[in-house]
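For this one, chain A is given, so just place chain B on it according to the hints.
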Amino acid sequence: MIDVSGLKFRYPGSDADVVKGIDFSVSRGEIFGFLGPSGAGKSTTQKILIKILSGYGGSIKVEGNELSSLDSGYFEKIGVAFEFPNLYSKFTAVENLNFFSSLYSAKCTDPQKLLEMLGLEKDGGTFVSAYSKGMKMRLNFLRAIMHNPEILFLDEPTSGLDPANARKMKDIIKMKKGEGKTIFLTTHDMHTAEELCDRVAFIVDGSISLIDSPRNLKIKKGKKAVKVEYVEENILKSDSFPLDDINENKRFQDILKTGSVETIHTMESTLEDIFIETTGRRLL
Amino acid sequence: MRAISLLKHDIIFQFRHRFYYAYFFILAVYYSIITNVSGVAKDFLTIFILFSDTTVLGFFFVGGLILLERDQNTLQSIFVTPVKVGEYLFSKTVSLTVLSYIASVFIALVAYGFPDQFLLFSAGAILSSTFFIFTGIAIAVRSKTVNKYFFNAIVFTMIFFVPIVDFVGIFKSRLFVVFPTYATVTLFSVLIRELTFFEKTASLISLLLWNCGMFFVAKKWFYRFEILKNGKN
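Quick note, the sequences are listed as chains A and B, same order. Every letter in the first sequence is one number past the one before it in my numbering, and letter 38, counting from 1, is 38. Plus 284 on top of the position in the second sequence (first one is 1) and you've got my numbering.
Chain A extracted, bound-state conformation:
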């Protein structure tokens, strides 16, 4: 769906590239996570992909066509939810959705049905200026999906959301993937990336250091062991055991037999650990 090779970008007036020759591809129906700290080049890459930055080096092909040669019809096929809500504050939620839907030639989803998807159905007639940040983020997301785009660009979609609404939004993103939509997710939230993405790319200082699925990364980079927390003589203790011979590990078997086990976990790395190990940088 999207093939990027040797992508470079430099802002006018700057003497250094912000994006330094990156390569990646995103398949149809895939959720591709672009992970990196602030200033890594992930938002710049997204802005190039949504055509609000021009003059890139290298090649970007969308369905086989070079991005720079695509006309405004490209915008019929993409939906973009920016990190910060950008809505008309003196218009109601329904008015905002109706206005944006009138800009597309495709038939858009009914605003009321959209609002119901994220629990905003009772607030459709409220001016956006009276919305909380979380409500604006939900509306922002609904605006991005209302015309049923083939490619979704989501920048920190769950930022500022309470857990219940973050859950609903993640379910909608998964549903969109199920419908065959391609999703480009920019985030520094490893938990969201781990849960949603089929593959993730780590980007730091304008270069991609790694691309793989979260599961593969966790298995490859993780420690093959289990950590057991148990109570012995009224004291909480913990121990770890290698997975390779765990069925023959006498100490592990003994602890299980005591019936005093409180928790037991495999010790695979988190995406955040792997990011730090691979890039030497934290996700801030």
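Worth flagging that the hints you see were computed from the coordinates, not collected in a lab. These numbers were taken from a predicted model, which means no experiment stands behind them. We put the CB at the ideal spot given by N, CA and C, even for glycine. Don't take each hint at face value.
Per label pair, the in silico range of CB-to-CB distance [said to hold, decoys possible]:
(1) A:Gly-21 / B:Gly-370: 31 to 37 Å
(2) B:Phe-482 / A:Gly-64: 55 to 61 Å
(3) A:Asp-110 / B:Phe-308: 32 to 38 Å
What follows is chain B alone, placed relative to chain A:
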């Protein structure tokens, strides 16, 4: 269809941000001034109001609109839809030109009744308004803050207002004909005197040329400094 949607949205946007209320109040003030003077003073005041206010209102309003939309971050969301820069500028220009034209006709009606050469007067009012709107767009996209916009706007209006010294007879020069506003004053003078064929033709051609040039600059700068700059932020 998209252009109509944008236009409808712009009118509601301007209404909700109280642009119209503010201007109706100003018009009421002008009404009370014009209806209380007569003779040469009325001629001067009418042309001056038409030239310096009703025609120029789009210049200040369009800057306010762009700065408000920039503040609400809505420009980004508009330009990831199929909307083209030309459609966006068309909507702003038409909505503000209609307001400016209605205000100009109102002032003319209050001062002199229905103008004899209504079409010529209308052409002057509309072409002058669109020129100032394009100029306002070009200046707004180069101004990072409201204060900078108003500073730049005042500098530009002072330059474009130079031909007024010819109208009031302080200083006359043939060089003034290069100003688009010279054509504006000339065409508004149709309210108080007959214009020669040359004056009519030259004024219309001058305003048309200035409109074409300024539209080109506004469109180019809007894309370069507003859309691409948004990308950087």
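Quick rundown of the hints versus the structure:
no.: 1; hint: A:Gly-21 / B:Gly-370: 31 to 37 Å; verdict: holds (35 Å)
no.: 2; hint: B:Phe-482 / A:Gly-64: 55 to 61 Å; verdict: holds (59 Å)
no.: 3; hint: A:Asp-110 / B:Phe-308: 32 to 38 Å; verdict: holds (37 Å)
Checked against the numbered hints given earlier, the structure satisfies every one of them.
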